[in-house]
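Q: Two chains, each in its own frame: build the complex with the hints.
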Amino acid sequence: MEASLRAQRTAALLIFAFLSLLAVSSSAAQEIQILNAERRIDLSSQIAIVFLTLKVENTGKAAASEVLLSFPPTEADHLAEVKAQAASGKKRKKTHVPLDVKPTDVPDAPKGAKCFRIALLNPLSPGETSTIEVLYMLTHSMEPFPAEISQSEPQLVYYRDSAYILSPYRIKQQTTFIKTPSTNVLSFSRVEPTNRAGMELKYGPYEDRPAYSFSPVLVHFENNNPFAVVEELVREVEISHWGNLQITEHYTLAHGGAKLKGVFSRVDYQSRPGASGVSSFKNLLARLPARVHSVYYRDEIGNISSSRLRTDSRKSELEIEPRYPLFGGWKSTFVIGYGLPLEDFLFESTDGKRYLNFTFGCPLSGTVVDKLTVKVVLPEGSKDPSAVVPFPVEQHMETKYSYLDVVGRPVLVLEKKNVVPEHNTLFQVYYSFNPVFMLAEPLMLVSTVFFLFAACVAYLHIDVSIRKR
Amino acid sequence: MASPESAVNGPTMTAGAASKSLRNAFGGVIAFIILVLIGVLAFSIRLFSVIKYESVIHEFDPYFNYRVTQFLSKNGIYDFWNWFDDRTWYPLGRVIGGTVYPGLTLTAGTIWKVVNSLNIPLSVETVCVFTAPIFSAFASWAAYLLTKEVKGPGAGLTAAALLAMVPSYISRSVAGSYDNEAVAIFALVFTFYLYIKTLNTGSLFYATLNALAYFYMVCSWGGYTFIINLIPMHVLLCIVTGRYSSRLYIAYAPLVVLGTLLASLVPVVGFNAVLTSEHFASFLVFIIIHVVALAYYIKGILSPKMFKVAVTLVVSVGLAVCCAVIAILIAVVASSPTKGWSGRSLTLLDPTYASKYIPIIASVSEHQPPTWPSYFMDINVLAFLVPAGIIACFMPLTDSSSFVILYIVTSVYFSGVMVRLMLVLAPAACILSGIALSEAFNVLTRSIKFQLPGIAGNPSIASEENGSSTVVAPNDIPKTEEAAKEKPAKKNRKKEKENVEKKPTPSKTEKRLLVLPLEASVIAVLLLVLLGAFYVVHCVWAAAEAYSAPSIVLTSHSNDGGLHVFDDFREAYSWLSHNTDVDDKVASWWDYGYQTTAMANRTVLVDNNTWNNTHIATVGTAMSSPEKQAWEIFHSLDVKYVLVVFGGVVGYPSDDINKFLWMVRIGGGVFPHIKEPDYLRDGQYRIDAQATPTMLNCLMYKLSYFRFVETDGKGFDRVRRTEIGKKHFKLTHFEEVFTTHHWMVRIYKLKPQRNRIRGKTKKSKSSRSVSSKRDVRGKRNPWH
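Here the protein sequences line up with chains Y and F, keeping their order.
In this text, residue positions in the first sequence follow UniProt numbering: the first is 1, and each later residue adds one.
In this text, residue positions in the second sequence follow UniProt numbering: the first is 1, and each later residue adds one.
Same shape as in the complex, but just chain F (with noise of 0.2 Å):
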């Protein structure tokens, strides 16, 4: 790279107007190349999960979307829009074209459908593990497209570079990674970009791209709130800013018309698209600003003395009009139950209302509120450089910049509700630490080209800067200022990838003012490239050591440098899928849920959906109750296998006994006979001797803990780090059918129901409590 440049600057100084167009030529070449690099290094980094483990899906929900894709990929659209899925949520099932978000399923089905009309057989799999990454190299580019139109290219391809490997989006897109997300955030920022670009063009095409786009994000992700509600806020701020213009008013119109229209074509949004309260802000904002733009219209055809009539009387009959739509619109929002909001966004604007109501959504770990150290792991010294960046996008203040500078505040706020909208902070972050970065280093390289000549007292370039200052054209300034943002922002990332150092190249132009010691501009850009180098390295770290886990496979370094697999997960998923019936039910958790569907191909009560509270309370009821009573239950509801993950023996800590607790909450959420505090002793979770004897009795401490004093004889539990207070007990309605190697997926089938002759009294008792408990669910569950 280093020669094409220098070729670049030498034409420059001999030639006159002419090798500048030549060199911005150059320069958008070394951009292309730059940004074609960038691509290719943000989907690199995160193929460390394919090399570490192997191509595979990870986690849960990537495999529900999987599934689902495989689905499209078989039985085409028609069928996807239409499927009702009967193997989740049994008895109830759950219509999966209507529920998801399409866009993932949709873009890789098609990527899979393009790749086999050309006779290139990848499986469904491949398409999915790598639709990430691609994706992810997608989203630099659209922050570079930001970026630029934001601050020019040089801070685009700063952000680009950045946002490449940000941990924080590195976490939700390495190669298997199948989730919305991955797609969401290309779409999110691709939107703000054709929203900026229409801010500062005006130009409708853009407007209708802008819309296009909105659609896609629709698609994707429900974070697309997160936009119907951010635009109108910056139109909002610019309005009262005193910035509006015809500009803003096409860049936000048509998006609403056409993002609403497109937005409820998607049927998982449909009629919420204009009922629900996260919508109203922009339908709000619509009217304002159609409001401003008649009173401008109007400024502009009377007379100032008229106009000022006008007003007073617009707005006493406006401000009358206005309370009462509002009085209607709050009642109208009032009458619902969640206030017209759904229980995520309520969370988002109260962050204790899920842990007060939905225990469902709290106890998901996502949905916690993140600490410090996620911070500075997940976005690392871009903490620390977005103030720069908000400084930056100060001076000057733009319509562009103010947005920006509003889309970093809303989304920390984000972030520090729920970790998992740390997605959404990290392209602001990339953003506005790529303004920083760069601004930083314009103003430090220009210190330096300032200087250099006159200590290095080349007579040429001297001359040429005499003879050329005189002649600055007022035109030619943005231009040269252009290049020189861009050539620092090159020489950043370059360093920041090869740590070389690279002699500042004078230039011709140089702004006198705002000139730093050369000294401590030297000192200031290597410790710049120092950062850039440190981010580097803890991106690197973190795509190869924290975040590339698949979660399915689980790996321990033996002392001997050996590698040991823990492939306890789909030994248990293969077991199932080959040696039970098709139709049988599997009871396990609602986490594995989608992994049962996708990987055993049985049906399972409760998913990772999460949609019916009710239905997981039952099966958190069953794990919690003793033994006949979750035979009761388990058995009213066709049951035949109960799946439990256990990491007693190897230590494996996310296993169901320390999940367990949110099952009992969950369960007794819905059925008050299970108490928290029966669980607990003296308000401690234990499983050792002092615990409870409902806690020892339940289903879920028996089959976890069934035989597990026959491995070592004392039954030393190595994630509590205790020994377990009841070792030695049968089981009577359960029997144990597979357990995995390190046993860490224990299944249990369902004993058959006894013979009937043995007391009716018996039968009959049995039968009234599964009746009164299915009254109990029928009373609050809809379908039944």
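Chain Y with its partners taken away, still in its complex shape (with noise of 0.2 Å):
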């Protein structure tokens, strides 16, 4: 039984190199190409949303199991998620089956140029054809411009692109759709045919385009929308197992767009709401899960009076306000904690362990997070923690001291740059605890009080003077 297993395994991966190799030669020798590409970007906060559908074909002569990817180096770091789907039947029945994406490295790519490959579900046999729909979101993408505006002036944002798709194959037709917040649009660049509709760009339809071929164009627009950049959120959640999860997140919040110039005037700013800082911003939303209990928003210097709490069965909402107003560069750091019952979270897997059901992402919406740290803090006692993320996370271990800990609880650290809410999916940490550890400390307590009254005892009885009475 096993041998036949790993024999198979083994066969798996022959079959797996082997058409990697494949594929390598095949998209070098052009033997996928795309008949139609539509790609509609969506600038309308502070995030792009890109959503790509291809329509690829396989003109070679082996089957391809993969499509590569390419991004040009400006979005490459920008990148924050790209997801893909195969898409299968016609309009109404349309059924989506997500596919696997990975980084990967293509050697006649253009420098700098950063390729994800595509892993179909079925092989692409010769002459079929497939439709693919890719969504990525790229951040800090849109650039203020200008850099520093003053209260009064609204926000102009540049978008850079390419109006033809980076693509290693060639593409028979592409279209592209920029989507920008309002009418606004200052100046873009014409790349023929181009079209400007209310809101909307469109670039193409173009013809017959070579691989990775490029023609870089310009948009400038009006984007009020806020710009809430958290630099750094840690969030922590700590387990314990008498029924509690306590989750403490500490952000620090920034405005990412252009940078407010001069004074700010807070008669400008109360009177004339409409049109004066319009592109700052004082309110944030927090989702949190439903039945939180016990929500605090703080910074270092006390508590931050400005918060409202909405709770139903199914979610709770907090709204919250900085202790200031938000403008271009102005930064906030600020803390928000909550308790949520542990058997909403908590679950026991079927061999044994137990396991953490929790989102990974951060709560406030419209957020992008340059920098993310989840801490999840296991009870004294647990061992060989192991965290299961659906996206690359790095990962590592540390030790907390809490509440009369002895050895400390194992602490899970999981750090991912460039986090957008798309990020918010569940992840799952495993764990194996012996529930004898949760009597320790009441254990340790009682023993104490124990022997407090038992030198108590001892000193009323024990006759310690010198000189016999």
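Hint data in this document are derived by calculation from the structure and do not stem from the laboratory.
Ideal Cβ positions, reconstructed from N, Cα and C, are used throughout, including at glycine.
Heads up, some of the hints might be wrong.
[Said to hold, decoys possible] Calculated cross-link-like contacts (lysine-lysine; reagent style DSSO-like; alpha-carbon spacing at most 30 Å): (1) K417(Y) with K400(Y); (2) K83(Y) with K94(Y); (3) K261(Y) with K751(F); (4) K353(Y) with K282(Y); (5) K179(Y) with K83(Y); (6) K172(Y) with K259(Y); (7) K282(Y) with K730(F); (8) K261(Y) with K113(F); (9) K315(Y) with K417(Y); (10) K628(F) with K261(Y); (11) K74(F) with K282(Y); (12) K749(F) with K261(Y); (13) K400(Y) with K74(F); (14) K102(Y) with K83(Y); (15) K261(Y) with K179(Y); (16) K282(Y) with K751(F); (17) K259(Y) with K640(F); (18) K730(F) with K259(Y); (19) K751(F) with K331(Y); (20) K726(F) with K714(F); (21) K417(Y) with K111(Y); (22) K375(Y) with K730(F); (23) K261(Y) with K726(F); (24) K172(Y) with K102(Y); (25) K331(Y) with K726(F); (26) K331(Y) with K383(Y).
[Claimed, not checked] On the chain F side, residues computed to face chain Y include the following (Cβ under 7 Å): (27) E54; (28) E59; (29) N119; (30) I120; (31) P121; (32) V124; (33) W541; (34) D678; (35) D682; (36) R707; (37) V709.
A: Given below as structure tokens:
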């Protein structure tokens, strides 16, 4: 049984290696071509969300098992998330199957370009076509220009991209739509045919572009959406087997848009809320899990009184205001903490291990997190922690000493850069724990009190005087 | 509590002497439980601020102490002693380690360290917030000990209960009020207790402890001079009234020697412990007590006749020597400018001193003399009970009760000079009221007890009584007295708390003297209980309503019952700390110095320490100068931001405009070109159209009212209840960079220097005026 399994596995590996070799050679030989590509870029928030629909055809002789994506170097650093799914069926009955996306190196790609490999579910046999939908997000891709604005000015940003999709394959036909948040578009590059209608810019359709064709375009438009950037977020999830899950989140929030130049006048800000400080923001919404309790919102100098909590049976929403409205370049730090009932998040797996099932990303809606650290503090005495996260993260272990700990609690630290709301997915931390450890601290307290009383009794009954009375 | 008491009384009636010790044991247990409850009461009555507001450090000075504690917990004790703080008094800096009373900081730092070594993750802030309530529990226990030494445990428990909730002390020790006084009152009372204990026992062990307690007090608060003057006064009183004993000597001499040695270990005191006039009384009395001790010794070994000869000899020689010594002392003292007294001490001796010479001391509201209502507010019914307590202390007058009398008399005087020293009066008032209440209950319940059995006609008790009254041993009396004292006190407390009428329990021994009529006694007991209840109600009200506001957060109730929070101070500090450069200098009036350094972590020019009058006067001058001159002063001090507090929009009365006359006064005290009359119209301070041009053009006015008129179109100031005088003006040298939500804090930035091309003459003029300013300061300021 086991031997056959192993044989199967080696065979699978071999086939995989062979296929990948084949794939590389095939891509080099341009044996895949894209019949139709449609790209929709949504610039209405601070995150550029791009939907890419590719109709791929295998023109080669061998079956192709994967498709390559490539991004220009300017986008490569800002790429927060790439997702792909295979679409099959017609409009109504469309089914989507998520596909595996992995970064890869392609030897003949232009310098600095970053490539991803999408593994297809079923290898694409010659002559066959398939539709792949790709979603990717770019953070910090809109550059404020002018970089400094005064309180009364709107925020204008540049968005840079290519009119042609950078692709390792020949593209027969392609169109790019750019959606801007307002109709106020100051300028945009023209790569004919280019059209503008209301809030939408249309580049294309372009016919028959060779691989790696690139034509830079620049769009200059008004974007007054809050550029709320969490520069650093440390989420600490502390598991207590007494029934509570305590979450503490330390935020370093900044306004990532155009910097405020000169004065901040409260008169203008308060009397003309529509016209003054349009790019600033003063409240944020944190989406917390349901049944949240003991919520606090404070910073290093005390409680921040401007917050509101709404709870219902499915979700909780915490509306918070930083101490002051955030203008471009201003920063603020604060801490949000809350408790959750443990039974909603901690489960026992089939092999007797326990696992925590919790969301990974930042609960503040519409924010970009530059650096996210999730610390899962396991109870004292738990062993072999391991995390299952749906995307690559760095992880290491720490030890934390909390209430009356002796050996310390193991802390699993997960770090990820460039996090977008799309990362608010569940992750799991598996660990084994013996419930006897729960009693360690109460027993310690009890014995301390016992010995205290014993010492008192002993003191009262022992005569320590040198002279007998 | 009722059941154990009846259980105690049950066996007492039937059993003999064996049960007496049992009863005492139970009494001890009950007293212990009551003390624990008093501690809980003292702690929990101070938590109103945390419940109503939040767990946060209050006011001004606590922020400094908090910052020092943070430094201590982060860098350790050695760095703390050597800490030179460059974040304050720019450009002078301040040697924190050598200029603070470290007691409070070290206490909280130690608590934090212990707690963290047990892996209990409390933040420094939490420890600081709860230090004061913890120490007020200690203080009430210390008051119990002290009063017990003076008048027995019953009075002790009453005094402890009273001290646990006396409003005057609550005002300085609510949770978050992390100030020196919080631990100092405990140290003060405990030192007095140990002194009385030594005086009563004559034990060197307690004398040593007393010196250590005194050391802790010296570490904690400048008010230690009260101890080192009060104890010598009492010793002198004892000697004069012929109460000299070896116990007195043991209580005093080690305290002076050890205490002075220990006190000089504290950097902030150092050689002041032997050099300043505050300590001279103790040395003088130290000499006197030795002379007296010698005299008693010689009297003991000489025959009366020889003694007389010796006395005449010694007195004639001694007088000459004394005169010489006193002359030298006076010469030394007179040669120093303040006659060897610090400004604050002099203010105590001469209440008009500060207002005449040191406006900076007089400008602090807590240094003003109190009004009569503040006595009623702060010590409430104790004010009426104290005289009764004094009378009770006179019968009989002992060493310890004479000390308590001296304590109350001096502290009443001091509290009359400075409202802040009400705090010293509070323990004394509690102790004496405790004694008064306890004695009153003692007499009244005894009268009831004596007459009640006759009415009830209980034969067994009557027979017991008859039997025991014949065989009462003389040494039994004090014990039963003690028990009798203890019980009324217990009842008294219980009644105060629960307002439950308790049937007096008959005891077998009665004093047939001093019996009041039954009805009168019952009514008097009821009235006293009512008085106690009134006190409790008042204290809880004061704790909840009057003294719990942290002053950095203000709240107001809107018409629909909602709570509106004014959190502008922290908004501004938070903005400063996140959006300015870490080395920027912020100028503000000195009130906000501690908060700016602690909350915003920015360098300030002056702070609440007020050690350098000239520097404060410089800031005062800048605030009272026209914009250009002010800019020059600030620029010469590297100031980048100016912070003003303005209450005109929401009606916050303690803003900078209302403090402005003090700025003018203090500034004018050093720089004579600032004259107070220039800012007053016919002696009246006003900011409306009638105000003087100097006033309307000074920086403080401009920074406070810049664009204020645009809020409501008229510029109506809700604090001064008037329209402002100058409504539309522009700032030339400053620009607004931040104003908080309710306009309570406004921050301005100094505009950069103009280009130098425009006219050389202008530049040279401005630089000359700057340098002349420097010169003026240089003359008076030893640091330049």
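Q: For every hint, state whether the structure bears it out.
A: To see whether the hints hold, each was checked on the structure:
Restraint check for K417(Y) and K400(Y): satisfied, since their Cα atoms lie roughly 23 Å apart, inside the 30 Å limit. With a CA separation close to 18 Å, the supplied pair K83(Y) and K94(Y) stays within the 30 Å bound. Under the criterion of a C-alpha separation no larger than 30 Å, the hint pairing K261(Y) with K751(F) is consistent with the structure, at around 13 Å. The suggested pairing of K353(Y) with K282(Y) is violated, with an alpha-carbon distance near 44 Å, which exceeds 30 Å.
With a CA separation close to 20 Å, the supplied pair K179(Y) and K83(Y) stays within the 30 Å bound. Straight-line distance between C-alpha atoms of K172(Y) and K259(Y) comes to about 43 Å, which puts the hinted pair past the 30 Å bound. For the proposed pair K282(Y) and K730(F), the alpha carbon gap of about 28 Å is at most 30 Å, so the pair holds. Our distance criterion of 30 Å between C-alpha atoms is broken by K261(Y) and K113(F), whose separation comes to about 46 Å.
Restraint check: the Cα-Cα separation between K315(Y) and K417(Y) comes to about 27 Å, which is no more than 30 Å; the hinted pair holds. Among the hinted pairs, K628(F) with K261(Y) is consistent with the structure: their alpha-carbon atoms are about 24 Å apart, no more than 30 Å. With a C-alpha separation of about 34 Å, the suggested pairing of K74(F) with K282(Y) is violated against the 30 Å cut-off. A distance of roughly 13 Å separates the Cα atoms of K749(F) and K261(Y); the hinted pair therefore holds under the 30 Å criterion.
Under the criterion of a C-alpha separation no larger than 30 Å, the hint pairing K400(Y) with K74(F) is consistent with the structure, at around 19 Å. Only pairs whose Cα atoms come within 30 Å are accepted, and K102(Y) paired with K83(Y) is accepted, the gap being roughly 10 Å. Restraint check for K261(Y) and K179(Y): the C-alpha separation of about 28 Å stays at or below 30 Å, so the hint holds. Annotation: proposed proximity of K282(Y) to K751(F) holds, straight-line Cα distance about 27 Å (limit 30 Å).
Proximity of K259(Y) to K640(F) is assessed by CA-CA distance (about 20 Å); at most 30 Å being required, the pair is judged to hold. At most 30 Å may separate the alpha-carbon atoms for a hinted pair to count; K730(F) and K259(Y) meet this at roughly 25 Å. A distance of roughly 22 Å separates the Cα atoms of K751(F) and K331(Y); the hinted pair therefore holds under the 30 Å criterion. Of the supplied pair hints, the one linking K726(F) and K714(F) holds, its CA atoms being roughly 11 Å apart against a limit of 30 Å.
For the proposed pair K417(Y) and K111(Y), the alpha carbon gap of about 23 Å is at most 30 Å, so the pair holds. For the hint linking K375(Y) to K730(F), the alpha-carbon distance of about 52 Å lies beyond 30 Å, and the restraint is violated. The hinted pair formed by K261(Y) and K726(F) meets the criterion: a straight-line CA distance of about 28 Å does not exceed 30 Å. Annotation: proposed proximity of K172(Y) to K102(Y) holds, straight-line Cα distance about 25 Å (limit 30 Å).
Restraint check: the Cα-Cα separation between K331(Y) and K726(F) comes to about 35 Å, which exceeds 30 Å; the hinted pair is violated. Distance restraint check for K331(Y) and K383(Y): the Cα-Cα separation of roughly 39 Å exceeds the 30 Å cut-off, and the hinted pair is therefore not satisfied. For E54(F), the interface hint holds, the least distance from its beta-carbon to any beta-carbon of chain Y being 4 Å, beneath 7 Å. Contact between E59(F) and chain Y, as hinted, is not supported at the beta carbon level, the nearest pair being about 13 Å apart and thus beyond 7 Å.
Interface restraint check for N119(F): the shortest CB-CB distance to chain Y comes to about 5 Å, inside 7 Å, so the restraint holds. For I120(F), the interface hint holds, the least distance from its beta-carbon to any beta-carbon of chain Y being 6 Å, beneath 7 Å. Among the interface hints, the one on P121(F) holds; its C-beta lies about 5 Å from the nearest C-beta in chain Y, closer than the 7 Å criterion. Below 7 Å, beta-carbon pairs count as interface contacts, and V124(F) has none with chain Y, the closest being about 11 Å; its hint is therefore violated.
Of the supplied interface hints, the one on W541(F) is violated, with its beta-carbon coming no nearer than about 25 Å to a beta-carbon of chain Y, more than 7 Å. Interface restraint check: D678(F) against chain Y, minimum CB-CB distance 30 Å, threshold 7 Å, status violated. Interface hint at D682(F): violated, since its Cβ lies 33 Å from the closest Cβ of chain Y, which is beyond the 7 Å cut-off. Against a cut-off of 7 Å between C-beta atoms, the interface hint on R707(F) holds, since the closest Cβ of chain Y lies about 5 Å away.
Given the 7 Å rule on beta carbons, the hint for V709(F) is violated: about 9 Å separates it from the nearest Cβ of chain Y.
Hint compliance for this structure: hints 4, 6, 8, 11, 22, 25, 26, 28, 32, 33, 34, 35, 37 are broken, all remaining hints hold.
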